[in-house]
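Top to bottom, those sequences are chains E and Y.
One point on numbering: in the numbering used here, the residue at position 56 of the first sequence is 56, and numbering is uninterrupted.
One point on numbering: in the numbering used here, the residue at position 237 of the second sequence is 237, and numbering is uninterrupted.
Just so you know, the hints here were simulated from the structure itself, not pulled from any lab data.
Among the hints, erroneous ones may be present.
For identical chains, the list gives no copy identity; a pair is met inside one copy or between any two copies.
[Said to hold, decoys possible] Derived pair list, reagent style SDA-like, types lysine to any residue, alpha-carbon separation capped at 25 Å:
(1) K179 <-> P169
(2) K101 <-> P40
(3) K287 <-> A22
(4) K179 <-> L44
(5) K101 <-> R206
(6) K287 <-> Q275
(7) K287 <-> A172
(8) K101 <-> A57
Remember, predicted model here, so these are calculated numbers, not experimental data.
Protein chains: 2
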Amino acid sequence: MSEIAIGIDLGGTQVRAALVSADGRVLARAEDRTDAMAGPERVLAQIQALADGLAAAAGTATVVGIGVSTPGPIDTVSGITRDIPTLAGFADFPLKAELQKRFAFPVSLENDGIAAAIGEWQFGAGRGLENLVYVTVSTGIGGGVIADGRVLRGRKGMAGHVGHMSVMPDGALCPCGNKGCFEAYGSGTAFTRRAQDRAFACTETRLGAGGDVIDSRAVFAAARVGDALANDLIEEEAEILGRGFTSLLHIFSPEIVIMGGGLSHEFERLHPGIQRYITEWAMPAFKDVPVMRAALGQNSGLIGAAALSFLAAEFDFSS
Amino acid sequence: MSEIAIGIDLGGTQVRAALVSADGRVLARAEDRTDAMAGPERVLAQIQALADGLAAAAGTATVVGIGVSTPGPIDTVSGITRDIPTLAGFADFPLKAELQKRFAFPVSLENDGIAAAIGEWQFGAGRGLENLVYVTVSTGIGGGVIADGRVLRGRKGMAGHVGHMSVMPDGALCPCGNKGCFEAYGSGTAFTRRAQDRAFACTETRLGAGGDVIDSRAVFAAARVGDALANDLIEEEAEILGRGFTSLLHIFSPEIVIMGGGLSHEFERLHPGIQRYITEWAMPAFKDVPVMRAALGQNSGLIGAAALSFLAAEFDFSS
Numbered sequence: 001m002s003e004i005a006i007g008i009d010l011g012g013t014q015v016r017a018a019l020v021s022a023d024g025r026v027l028a029r030a031e032d033r034t035d036a037m038a039g040p041e042r043v044l045a046q047i048q049a050l051a052d053g054l055a056a057a058a059g060t061a062t063v064v065g066i067g068v069s070t071p072g073p074i075d076t077v078s079g080i081t082r083d084i085p086t087l088a089g090f091a092d093f094p095l096k097a098e099l100q101k102r103f104a105f106p107v108s109l110e111n112d113g114i115a116a117a118i119g120e121w122q123f124g125a126g127r128g129l130e131n132l133v134y135v136t137v138s139t140g141i142g143g144g145v146i147a148d149g150r151v152l153r154g155r156k157g158m159a160g161h162v163g164h165m166s167v168m169p170d171g172a173l174c175p176c177g178n179k180g181c182f183e184a185y186g187s188g189t190a191f192t193r194r195a196q197d198r199a200f201a202c203t204e205t206r207l208g209a210g211g212d213v214i215d216s217r218a219v220f221a222a223a224r225v226g227d228a229l230a231n232d233l234i235e236e237e238a239e240i241l242g243r244g245f246t247s248l249l250h251i252f253s254p255e256i257v258i259m260g261g262g263l264s265h266e267f268e269r270l271h272p273g274i275q276r277y278i279t280e281w282a283m284p285a286f287k288d289v290p291v292m293r294a295a296l297g298q299n300s301g302l303i304g305a306a307a308l309s310f311l312a313a314e315f316d317f318s319s
Numbered sequence: 001m002s003e004i005a006i007g008i009d010l011g012g013t014q015v016r017a018a019l020v021s022a023d024g025r026v027l028a029r030a031e032d033r034t035d036a037m038a039g040p041e042r043v044l045a046q047i048q049a050l051a052d053g054l055a056a057a058a059g060t061a062t063v064v065g066i067g068v069s070t071p072g073p074i075d076t077v078s079g080i081t082r083d084i085p086t087l088a089g090f091a092d093f094p095l096k097a098e099l100q101k102r103f104a105f106p107v108s109l110e111n112d113g114i115a116a117a118i119g120e121w122q123f124g125a126g127r128g129l130e131n132l133v134y135v136t137v138s139t140g141i142g143g144g145v146i147a148d149g150r151v152l153r154g155r156k157g158m159a160g161h162v163g164h165m166s167v168m169p170d171g172a173l174c175p176c177g178n179k180g181c182f183e184a185y186g187s188g189t190a191f192t193r194r195a196q197d198r199a200f201a202c203t204e205t206r207l208g209a210g211g212d213v214i215d216s217r218a219v220f221a222a223a224r225v226g227d228a229l230a231n232d233l234i235e236e237e238a239e240i241l242g243r244g245f246t247s248l249l250h251i252f253s254p255e256i257v258i259m260g261g262g263l264s265h266e267f268e269r270l271h272p273g274i275q276r277y278i279t280e281w282a283m284p285a286f287k288d289v290p291v292m293r294a295a296l297g298q299n300s301g302l303i304g305a306a307a308l309s310f311l312a313a314e315f316d317f318s319s
């Protein structure tokens, strides 16, 4: 009888759920708009409804567990959330215990960056590797690390918040409250903000012409038709990412850096500049490490959450 | 019959050796000035002479192995050095194999930052912990990490080069060739250079008065008698270290950050400023992580190299 797992990606906007086979295929999926202001009871009910629906579709397969990816940093060891900024009412909430009450199979809980790293490691661009760093570049920057063939968790399971390494003393304000974080310069949000500021000060760009919205998609579109400012903005973003990834090479010594998140949709355009920075500036022993695009796209975390259940069933390290 | 190990700390200036008991006590020691320009044969002969002398002093105890800490980054998996900047002739040299030829007991090889982290983990300030980051702040900045109860090694065993995370885009030149590394701002060398520059431009400091040499010792001495510039320089250094350590908290989620190296001699003076930065700027879940001084002082790496032999004998993961 085949084994399957349920993955849940709990986000501030959407709760996404998938039924995942032991070889990482998504067999069924479901999603709901997160009722972010309604409090934990309601959000848990949403998760339960999605998971129960998928479990019913599992047929004769055995559900080995449910893995839940949540915005961090949360303490996945105790399972108690200190706070989830995008969701109301989760201060000091025993998320794991409350989830476990609602399911007959084991519940695993993981910070979202780590869940995505697990997904790419088990079923994506990092399959078969012992060491990788996954970085999501989206509204913010998050990440997760596989080191020496194991998931790097750290105290309270909170390792991998790579978006919050400082890249500029007293720099731009970051949503975390600090100034100068990698996220505050390299995220999609920061990229868009730079584009808006520069376009406003530049008369020779099509960006924002006629009152068009300037978002990251618009910048890449303009670049494709030769807009100089747009191309400069992209090269600058690639350099910021390359510099941040180079720091991560030196710190973790991965075999690969995997880039996911919204900006990875334009990975082909960003990649040469990122890799050029590494080749030029990384220490000699690290120059040959490749950066690759997440193979699972926006599903890295969802599939990784499910993979967590398979790993937990195999090694029994989640409980 | 008791078990002992030999630790070797191979540095650009000195080769230090110690006979270490299974509970981390240094039973005997020996050292020699590194013949840095004479090539590997000569340096290996130095290591062998020191180790043989200590082994002869071991009496009835069993020598379980010899652990060698070297300046990195070197590939400790293959054991072949790509280059050791401070030692001539080590390009593509099979260091581990050549060492092993010379000894009857197992040889372990480790990057120096990782060796020191192991020393502090097994016998020092991080005893009994599952997660720690060790940072040496000296001529340069190096480090090593224990995560989830294991030594973090990464590809080729080169993880932990925390001195080479970028903290300033296009910043000060770093000995590694890049610009803006943590090492280029936070190291003892950078601290001394700032002191020299500022003292030169300041008429109201005793630093450098009468042609006195300005080194880090002089800055701390001047600060103790109320020199305002010296105290400002120290607060700035503490802030730079605090900012770098905060990045490491977010990336690794350790239970503790352990500071070693030359500047840790003035840990008491630097610590309040370092901890203040963390308390103010780390994300809430990381604010309570303490920074402590290396308990083994300048012997973290030496004792860690020996500890490596005990770990290798226990888990057999070095060969």
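query = Of the numbered hints stated previously, which ones are contradicted by the structure, given in increasing order?
reply = Those not satisfied are hints 3, 4 and 5.
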